[in-house]
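If you're matching them up, the sequences are chains A and B in order.
For the first sequence, the residue numbers in my numbering are 1367 to 1482.
For the second sequence, the residue numbers in my numbering are 1065 to 1174.
FYI, nobody ran anything at the bench for these hints, they're computed from the structure.
In this text, a Cβ means the ideal position worked out from N, Cα and C, and glycines have one as well.
Hints should not be assumed to be uniformly reliable.
Computed beta-carbon distance windows for the label pairs [as the list claims (entries may be wrong)]:
{"id": "1", "chain 1": "B", "residue 1": "P1103", "chain 2": "A", "residue 2": "C1379", "range": "21 to 31 Å"}
{"id": "2", "chain 1": "A", "residue 1": "L1434", "chain 2": "B", "residue 2": "E1066", "range": "21 to 31 Å"}
{"id": "3", "chain 1": "B", "residue 1": "H1135", "chain 2": "A", "residue 2": "C1379", "range": "40 to 50 Å"}
{"id": "4", "chain 1": "B", "residue 1": "D1122", "chain 2": "A", "residue 2": "G1465", "range": "17 to 27 Å"}
{"id": "5", "chain 1": "B", "residue 1": "L1125", "chain 2": "A", "residue 2": "G1419", "range": "17 to 27 Å"}
{"id": "6", "chain 1": "B", "residue 1": "N1116", "chain 2": "A", "residue 2": "S1439", "range": "42 to 52 Å"}
{"id": "7", "chain 1": "A", "residue 1": "K1421", "chain 2": "B", "residue 2": "Q1123", "range": "22 to 32 Å"}
Chain B side only, calculated, beta carbon under 8 Å to chain A, not exhaustive [as the list claims (entries may be wrong)]:
{"id": "8", "residue": "F1073"}
{"id": "9", "residue": "G1146"}
{"id": "10", "residue": "A1166"}
Just so you have them, the derived chain A footprint on chain B, three or more residues with Cβ under 8 Å [claimed, not checked]:
{"id": "11", "stretch": "1096 to 1104"}
{"id": "12", "stretch": "1151 to 1164"}
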Amino acid sequence: GAVVSQHPSWVICKSGTSVKIECRSLDFQATTMFWYRQFPKQSLMLMATSNEGSKATYEQGVEKDKFLINHASLTLSTLTVTSAHPEDSSFYICSASPGQSTDTQYFGPGTRLTVL
Amino acid sequence: GEDVEQSLFLSVREGDSSVINCTYTDSSSTYLYWYKQEPGAGLQLLTYIFSNMDMKQDQRLTVLLNKKDKHLSLRIADTQTGDSAIYFCALSGGYNKLIFGAGTRLAVHP
């Protein structure tokens, strides 16, 4: 149980285009979903927290107009990287929390974005 | 804010025990977690410990928590090549957030 999927697993796009990444909780309802960014050989950096039906809460330094997050249902959140540039190339990982007292987050497999 | 530190690299021989250490600064976290990340993949939750516990064992995994020293460790018994990965400790940081260490890369050699 507690499976989280991401789609696509990897994407290559041209500079200036927008890319949408989906995160789904497959066998549980996620009251909260999180989006992280991970650079090579580094830890995860939290970008934003989203609750279903609410606006996402972005971490300091993360541009909300650049990284659009939509959490339309209890099983789906999307991250759209708008007007992508090469410096946006990274590994993006989502996680979902069923809202248990343990605050446990279940992670997706990640999406590798390469912007040419 | 919370600071979580891990040693970056650990090399062990297959069959030996591995001990991955983590220190932190803020002792208010209710839960402390260990995640495993294999190359090119997301994070897999291995185990977690409640802050009022000293030890938790789950098959080959043993988690020790020393709240006085703010030290968390993960022991993997009979380490196998399939255990080679990056291991992250994480603390609950409030508002359902997790605060991660930098990760320890475990290399298992024959």
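Comparing the hints with the structure gives:
1. B:P1103 / A:C1379: 21 to 31 Å: Distance hint for B:P1103, A:C1379 holds at roughly 23 Å.
2. A:L1434 / B:E1066: 21 to 31 Å: holds, 28 Å
3. B:H1135 / A:C1379: 40 to 50 Å: Given a distance of about 44 Å, which is inside 40 to 50 Å, the answer is holds.
4. B:D1122 / A:G1465: 17 to 27 Å: Taking Cβ atoms as reference, B:D1122 and A:G1465 lie about 23 Å apart, which means the hint holds.
5. B:L1125 / A:G1419: 17 to 27 Å: Violated: the Cβ-Cβ distance is about 37 Å, outside 17 to 27 Å.
6. B:N1116 / A:S1439: 42 to 52 Å: violated, 36 Å
7. A:K1421 / B:Q1123: 22 to 32 Å: violated, 42 Å
8. F1073: The hint is violated - B:F1073 has no Cβ within 8 Å of chain A, the shortest such distance being about 11 Å.
9. G1146: violated, 17 Å
10. A1166: holds, 5 Å
11. 1096 to 1104: holds (count 3)
12. 1151 to 1164: holds (count 7)
Violation of the numbered hints given earlier is confined to hints 5, 6, 7, 8 and 9; the remaining hints are satisfied by the structure.
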